[in-house]
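K.L.:
My request is simple: use the sequences and hints to build the entire structure.
If you read the sequence shown in this note's numbering, its first letter stands for residue 106, the second for the next number, and so on.
Keep in mind that the hints are not guaranteed to be accurate.
What the hints assert, rightly or not - DSSO-like mimics (lysine-lysine), calculated; alpha carbons at most 30 Å apart, straight line:
{"no.": "1", "residue 1": "K450", "residue 2": "K422"}
{"no.": "2", "residue 1": "K489", "residue 2": "K450"}
{"no.": "3", "residue 1": "K230", "residue 2": "K367"}
{"no.": "4", "residue 1": "K404", "residue 2": "K315"}
{"no.": "5", "residue 1": "K406", "residue 2": "K489"}
{"no.": "6", "residue 1": "K422", "residue 2": "K546"}
{"no.": "7", "residue 1": "K442", "residue 2": "K538"}
As the list claims (entries may be wrong) - Cβ pair distances, simulated, as ranges:
{"no.": "8", "residue 1": "K120", "residue 2": "K226", "range": "26 to 34 Å"}
{"no.": "9", "residue 1": "D574", "residue 2": "R253", "range": "51 to 59 Å"}
{"no.": "10", "residue 1": "D574", "residue 2": "I530", "range": "37 to 45 Å"}
{"no.": "11", "residue 1": "Q194", "residue 2": "K226", "range": "17 to 25 Å"}
{"no.": "12", "residue 1": "R253", "residue 2": "N329", "range": "46 to 54 Å"}
{"no.": "13", "residue 1": "Q194", "residue 2": "N329", "range": "27 to 35 Å"}
{"no.": "14", "residue 1": "Y123", "residue 2": "T188", "range": "16 to 24 Å"}
{"no.": "15", "residue 1": "E393", "residue 2": "Y491", "range": "46 to 54 Å"}
Just so you know, the hints here were simulated from the structure itself, not pulled from any lab data.
Just so we're clear, the structure is a prediction, and the values are computed from it rather than from any experiment.
Glycine is no exception: its CB is placed at the ideal position from the N, C-alpha and C atoms.
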Amino acid sequence: MNNVLILLDELSVWKPFYETKSIISVSDYLQNKSIDNTSKLVINLSGNFSYNSEGYYCSLLAQARGDKVIPGVETLNKLETETGIRLDQHLHKLCWQWIQKNNITDEIWSIDVFFGTCKEKGLEKVARYIFDNYPCPLLRVSFNNKQRNQIEKIKTVKLAELDDVQQDFFAEALDNFNKKVWRNPRSAKSPRYNLAIFHNPNDSFQPSNKKALMKFVEISKRMNINAELITEEDVTRLMEFDALFIRATTSLNHITYYLSQKAKQADMVVIDDPLSIIRCTNKVFLNELLIKENIPAPKSKLVFKSNSNNFNEIAEKLGSPFIIKIPDGSFSHGIKKITNENDLKENLDLLFENSSILLAQEYIPTDFDWRIGILNGEPLFACKYYMARGHWQIYYHPIKGKTKCGDFETIPIYQVPKIVLKTAIKATSFIGKGLYGVDLKVVDEKAVVIEINDNPNIDYEIEDAILGDELYYRIISEFVRTLESKHRHDVR
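P.N.:
Next comes the structure, spelled out in structure tokens:
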């Protein structure tokens, strides 16, 4: 577990705030006089972060001691060398709209960004973006009032220099960033580890339904693990945790991949890890990988927007009808069955709006797909996902009306054909050691890999229908096993 430690030049600086045992002087921390030797989240509020200062060495030694520290040395070096950042197009637009709305006429104006938050309504996303690039507790960011290139300077702010209003803002920001500083202990026994379970409650197709998410929290608690459900609003609190479990549909150009990267960079244990997301979420990449490793897969062909494409040419290689997919679709979105030239032209025009490369695959009709859940190279669960009634896919998304889903059947592992298990395990061995869901079809007693999912569905009373609570226990145990292995390595 991460204990919270707040470093101050002088403890008297904390006088305006609530009393806490979490504060320690910079000098005492440098002399390793902290409470114990457990891993900590260190919030460095030194007033001097210049190179070779005590504040700088606190961040340097924190990293050497295996503590998670904010700001880290990399951030301090960026601030010292004034390495700038540029807002992306969306944030430029937000910032410019705010300038116009608030009639900013000063050539240079500034906001305070405390733990990724600001008081200025409408600039919250800008503040979080700055904190993501410069994870530092107290920042003052100067902007110009031009339509582009607004950020002029980023510098740290001393806690001792805050006025009453800023002190209130700081206290609130700190409280939101790390509620455990003020939270009363839940029990006499501290949890072994803190696990963040990231989900998107607004997603129509979540990888885990609400009851399954609560099961993860419940089973974690029984194992003395503090598991907490977090959303996009909580991303600035990521360093509070020892591990991250992503239970939202992943994509490369998405918050899920960004979070996975940040967690990995912070040396957290994470499922799905960034490499697994890269390898699984893009069907073009995955198809090439399966071909390279001689994993049975449907016959396929890449279709390029820059080429002229015709039905007969593709059908000659794949047969008729065939399937066209966008590279990063999920839950049967962005997949079309093509039966003739008109079909092809109509759907290429539609799908090329999302990607310049599409994947064409042979059409393999079956009543159901196998889904084999794999955790660290071992089978975890097995399901048959049946096609939606009257449709060729598991999910049917009509132009009008409600999405329909096929039935399911959860199967004990020992009843799964050996060729299906063997192929699923072999396929994931080239992806990683995380949690995967392998979709396969059996054709002429041969298992063919359709997809590998880096965040397979774990739904209450579906994937857990055979193992029950044991399924959640095994997944949480994998986090514990990896954390303990990592801790033993760090101790050496």
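K.L.:
All the hints need checking, so say for each whether the structure fits it.
P.N.:
Each hint, compared with the structure:
Of the pairs offered as hints, the one joining K450 and K422 holds, with about 18 Å between alpha carbons and a cut-off of 30 Å not exceeded. Pair hint K489 plus K450 does not hold up; C-alpha atoms about 34 Å apart against a cutoff of 30 Å. Taking the CA atoms of K230 and K367, the gap is about 17 Å. The hint holds against a cut of 30 Å. In summary, the hint linking K404 to K315 is not supported, as the alpha carbons are separated by about 38 Å, beyond the 30 Å threshold.
Between K406 and K489 the CA atoms are separated by roughly 27 Å; this keeps the pair inside 30 Å, and the hint holds. Note on K422 and K546: the hinted pairing holds, with a Cα-Cα distance of about 20 Å set against a maximum of 30 Å. Pair hint K442 plus K538 does not hold up; C-alpha atoms about 33 Å apart against a cutoff of 30 Å. Roughly 30 Å separates the CB atoms of K120 and K226, a value that falls within the hinted 26 to 34 Å.
About 55 Å separates the C-beta atoms of D574 and R253, a value consistent with the hinted range of 51 to 59 Å. One distance hint, 37 to 45 Å for the beta-carbon pair D574 and I530, is violated here, with the actual separation near 24 Å. Restraint check, Q194 to K226: a C-beta distance of roughly 21 Å satisfies the suggested window 17 to 25 Å. The given range of 46 to 54 Å is respected by R253 and N329, whose C-beta atoms sit roughly 52 Å from each other.
For the pair Q194 and N329, the beta carbons lie near 46 Å from each other, so the given range of 27 to 35 Å is not met. In this structure, Y123 and T188 break the distance hint of 16 to 24 Å, their C-beta atoms being roughly 35 Å apart. As the Cβ distance of E393 to Y491 is approximately 30 Å, the hint placing it in 46 to 54 Å is violated.
In terms of the numbered hints stated before, the structure departs from hints 2, 4, 7, 10, 13, 14, 15, listed from lowest to highest.
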